[in-house]
Amino acid sequence: MQWETVIGLEIHVQLCTGSKIFSGAATRFGAEPNTQACAIDLAMPGTLPVLNEQAVRYAIMFGLATNSTINLRSVFDRKNYFYPDLPKGYQTTQLEQPIVGPGVVEIELEDGSSKNVRLHHAHLEEDAGKSLHEDYHGMSGIDLNRAGTPLIEIVTEPDMRSSKEAIAFARKMHAIVTSLGISDGAMAQGSMRVDVNISVRPQGSDELGTRTETKNLNSFKFMEDAIRVEVHRQIELIEDGGVVAQETRLYNGDTGEARSMRSKEEANDYRYFPCPDLLPVVVDQAIVDEIAASLPELPDTRQKRFITEYGLGRYDAGLLAGEKTMADYFEATVAQCDDAKLSANWITAELAAALNRHDIELEDCPVSARQLGQLITRIIDGTVSGKIAKQEIFPALWDGEAGVDQLITDKGLRQVSDSSALEQLVDQVLADKAEQVEQYRATEEKKRKKLLGGFMGPIMKASGGQANPAMVSEILKRKLEP
Amino acid sequence: MHKLTIAGIVEGLGRGDFSSEEITRHYLRRIEQLDARYNSFISVTPDQAVARARAADKRRSKGDAPPLCGVPIAHKDIFCTEGIRTSCGSKMLDNFVPPYSATAVDNLAQAGCVTLGKTNMDEFAMGSSNETSFYGEVGNPWDTGRVPGGSSGGSAAAVAAHLCPAATGTDTGGSIRQPASLCGITGLKPTYGRVSRYGMVAFASSLDQAGPMTRSAEDAALLLQAMAGFDPRDSTCSDIEVPDYSAGLDKPIDGLRIGLPREYFEQGLDTGTETAVRGALAELEAMGARLVDIDLPHSHLSVAAYYVIAPAEASANLSRFDGVRYGYRCKNPRDLNDMYTRTRTEGFGDEVKRRILVGTYVLSAGYYDAYYRQAQKIRRLIKNDFLAAFEQVDVIAGPTSPTTAFEMGAKSADPVQMYLEDIYTIATNLAGLPGMSIPAGIIDGLPLGLQLIGNYFDESRLLNIGHRFQQATDWHQQTVSQCMQEV
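Chains as they are written, first to last, in the numbering used here: chain D, 238 to 719; chain C, 6 to 492.
Hints were generated in silico from the structure; no laboratory data involved.
None of the values given here were measured: they were computed from a predicted structure.
Don't take each hint at face value.
[Stated by the list, open to error] Listed below are several chain C residues computed to face chain D (Cβ distance under 7 Å; list not exhaustive):
(1) Ser66
(2) Lys67
(3) Met205
(4) Val206
(5) Phe235
(6) Asp239
(7) Ser243
(8) Gln422
(9) Tyr424
[To be verified] Each computed DSSO-like pair below joins lysine-lysine, with the alpha-carbon atoms no more than 30 Å apart:
(10) C:Lys8 - D:Lys316
(11) D:Lys316 - C:Lys256
(12) C:Lys358 - D:Lys367
(13) C:Lys416 - D:Lys316
(14) D:Lys316 - C:Lys67
(15) D:Lys367 - C:Lys382
(16) D:Lys687 - D:Lys648
(17) D:Lys367 - C:Lys388
(18) C:Lys358 - D:Lys501
(19) D:Lys316 - C:Lys382
(20) C:Lys382 - C:Lys358
Think of the CB as a built atom: it goes at the ideal place given N, C-alpha and C, for glycine as much as any other residue.
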C-alpha cells in the first residue's frame, strides 16, 4: 500500500529581548548557572510577573510577517504541572486567546514548486529552566537562567506531507525570525526547538491517522532523521497489523534512536486557567500599524529583490535570502566587489563547503564579507586566477594568515600577464608537443577547440597556475595557426 | 501610652511627650508580658524595632519626619519582610526569610513606621477563626476561649489587646473585616488594586487585598494613606491617584444614601446581630443619612462562587511550595515524587490541603466548565448587582459577620459552617469593591461590626462615614479591662 505522511509542527522560538518575559533578569546565553535568575524567576513567595512589552512587540512582528491575524486582546493562562525546573509549578502561556493567528505561510521546495502552510496560531509564553542530570552523583542540578526567557510557540495545521516540506517550513520560520531580528536563531543553543506531530494514512484517504509527537528537535538534520525514523516505524507497525498509539516521543540525535516518553494516558491534565496576576494584553491597532510600517525586509521580499536587483536565479536568490546572516553577508560582499553573480557563486559553493567542513555557522566565519569581496575583486581585475583564489588564497584567509593583497604578494600568487613571459612559456610547451601541434593543424577549424585543452592544461601547470588563462589561450591560438 | 490611637501617637511624638523608642519599648514590653494569653504574634523583632525607633527619633530631631515617623505597628505574617522570617502561618515557610519586603511594608516603612513583629494568621490566610495556624490558635482578647476570627486573627487580637496600635491585614473573602468585627476594631479592605500585592504571599490573586486594622477610622485613613498607590511591580495595581483620606473625614453625612440589601437582612440573620446593626444604622440615620432598601439578587451565590474561584487560584499559587528552592523539604526523599508528596503532605495543614484539592478538582478537564467557568459568570453577575445598586445609593451597609466570636473548636469540624462566616464579606471581594467593618455594638459582652461597602476607589467615603460614626458613638473605644492592663 502507498502511505501518505501528515506532519504538523510546534516550533518554540526564543525571543532575543534583553530581559525576561516577566522579570528584569537578563537572558544572555551561557552565563554561570543561576546567575540570571531573580526572585521572580525563582518564584519566591509574593513575587509577581510584569509583562515585557518588547516580547509583545516581537510577537506582533512575527504575526505580521506570517500574514497572520493580530489579536488585539490576548490572555495569559497558567499551565499547571510539577517539575523542578518550573519554579512556580505552572508555566505562564496563552491557550484560548493567543496573540497571533491564524495565518498562512508559503514555502518553496527544491523542485521549484511552492505550497501554503496554515498557522493555527502563535502564542507568547515563558521558557522553563534546565535540569542537569549529569555530574551530580545521582542527584539533579537545576539551572534557572533560562526560566522566564520569552518564547513564541508557532503551531501549524497538519499541512505538511513530507520531511522536506516540514524542513522547508522550519527553515522559513528560522529565516523570518532572524530577518525580523526577534531571535538569534541559534538552534544549537536551543533558540529554536521543533516538536513534530506525525501520522500516516493510506494514500488518498481523507482521515487523519493517530499522531505521535516527537519533541525538542534542535536542528534541521535531527528533524529529517526523526521524521524518517518515525514514519518508518508507524508504517511498519500498521503493516504488521498493529496500531499507532498516541504518545510523546523523544529522538536522540546522537544514537539516531527514538523512544516513547509518555502515552496519552500518562499525559498531564494541565488545568489551564487565566492567570490572575496578569491583565489581558490589549494592543492598539495604531501600535500594530506602527510596527507594520517599521518591519524590516522579509526573506520573500529580499529574494525578489535579489532577482531583480542582482539578476540572480530564483533558487540562488532564495538560498541567499533565506538566512538573514547569509543575505547580509552576500550584500556586503557585493558592496565590496560589485559582482553579484560571482559573489553568489562563491558564497553558495566555496564558503558553504568550508563552513560545512569546519562545522561552523556563518556568524563565526573567519573570512569576512569584505575579505571575500576583495578576493573576488582581484579575480575580476586579473590579479589572480579563480583557481588560485580557491586553492591558495581562500584557505589562507580562512586560517587568518594575512589579508588578500598581502597573501598574493607574500605567496607570489600574482597572475602572470606579461605577454613575452607567456609567449616563452607557450613556446616551451609547444616544442615538447610537436606531434599534437601537427594533429591540431590537421583538424578542421570547427573541431580544433576540443584539442586546445590538451595544450592549456600543461601550460597552466608549468606556470604553477599563475598564467593568465585568457592571455595564454589567445597566444596559443595564434601560435598554433599554420 | 497604649491607650493612644495612631493619631494620638503622631501628636505625642510631635509634641515630644515621648520618643519613638519609648513607645516602641512600651509595646514590646506589653507583647512580651501579655501575648502568652493571646498568641497573637508569630515573631517579635525587638532589636530591629528599637534600632528603627532610634533612627526615627533622630530623623524627627533633625526636623525631617515623615507622617508616621516612629509609629510602631505590626504586620500580618503574610507580608514579606526583608531579613525577617515570613511564615504565612505555615510549617511550609517556618524557615523562610525573604530577601525583600512587600511594597505595602516598604511604603509604611517609608512613611516612618517601626515594625514590632509579625502577627499570627490562618495558614496561608485560609480560615475564618485563626485555628488553622501552624503556630497555634489565637485567643480573642474579649474572651480568650473564643476565636478572634480570621484569617487576620493575630492582627485583630493584637490591636484589640493593645499590643500594638495598628496592624496590617489582608482580605481575600473577609479576612480583615470579619476578625475586626469579632475583636471590636476597625478594619478596611480597600478596592482591589488600591494597595500593591507585591510581596504578599498569594492566596487567591484576583481577590487578595491588603488593608489597615486599627482602633479608629481616623487611624485607618492614616495607614491607608501610606500603604496605597501604584506599584509597577504589580500588574493589577491601579495607578488612580490616591486622595487625601484624612482631609475628608469630617465631612457631614446628611443626605447620604445608605443601601440595605434585603438579602442580608431577611435571610436568617441572627437577631442579636440584626439588633446591633439596626441600632448603628439608626445612629447614621439620625446623623442625616437616608436608608434605602436595595436588592443584590445574586448574593446567595457568592459563597459557592468564591469557594470555586479562590481554591482554584490557590491550587496554582501554592504549587511553588515544592521543597526545591526554599521552605520546608521532607527528610531523606527517595526520589522526586517522594520529595514532592511528602514535602507537601508534611508541610501543609488540613485546610490548605482541602482547598488545594478543591481547586485542583474544579480546574480539571471535564469539570472546568461546570465549576470554574460558571463561577466566573456568577462573579460578573454579582459585580453587576453592585453596579446597579450604586446607581441608587452611595454606600451599602449590613452586618460584617453573622454572629459575634464563637468558641474555639465550635466550627472547625465542619468546613461549610466555617465558610459561612464570610457570607456577608465575600461578595465585595468577588466584585473588587472596598469594604470596612467598624465596631457597632456589643452582644453578651462580645463586640460586633457594621460593614460598609463603597463604590470602586471610594475608600474616602467609607472612612468619612466611619469617622463620623465614631465621633458620635463610643463602640470603638469599648474594651475589656484585661486589654488595658498595665505592665
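Here is how each hint holds up against the structure:
| no. | hint | in the structure |
| --- | --- | --- |
| 1 | Ser66 | 35 Å, violated |
| 2 | Lys67 | 33 Å, violated |
| 3 | Met205 | 5 Å, holds |
| 4 | Val206 | 4 Å, holds |
| 5 | Phe235 | 12 Å, violated |
| 6 | Asp239 | 5 Å, holds |
| 7 | Ser243 | 11 Å, violated |
| 8 | Gln422 | 28 Å, violated |
| 9 | Tyr424 | 21 Å, violated |
| 10 | C:Lys8 - D:Lys316 | 51 Å, violated |
| 11 | D:Lys316 - C:Lys256 | 50 Å, violated |
| 12 | C:Lys358 - D:Lys367 | 29 Å, holds |
| 13 | C:Lys416 - D:Lys316 | 35 Å, violated |
| 14 | D:Lys316 - C:Lys67 | 54 Å, violated |
| 15 | D:Lys367 - C:Lys382 | 39 Å, violated |
| 16 | D:Lys687 - D:Lys648 | 33 Å, violated |
| 17 | D:Lys367 - C:Lys388 | 43 Å, violated |
| 18 | C:Lys358 - D:Lys501 | 28 Å, holds |
| 19 | D:Lys316 - C:Lys382 | 22 Å, holds |
| 20 | C:Lys382 - C:Lys358 | 26 Å, holds |
Violated hints, in rising order: 1, 2, 5, 7, 8, 9, 10, 11, 13, 14, 15, 16 and 17; the structure is consistent with all others.
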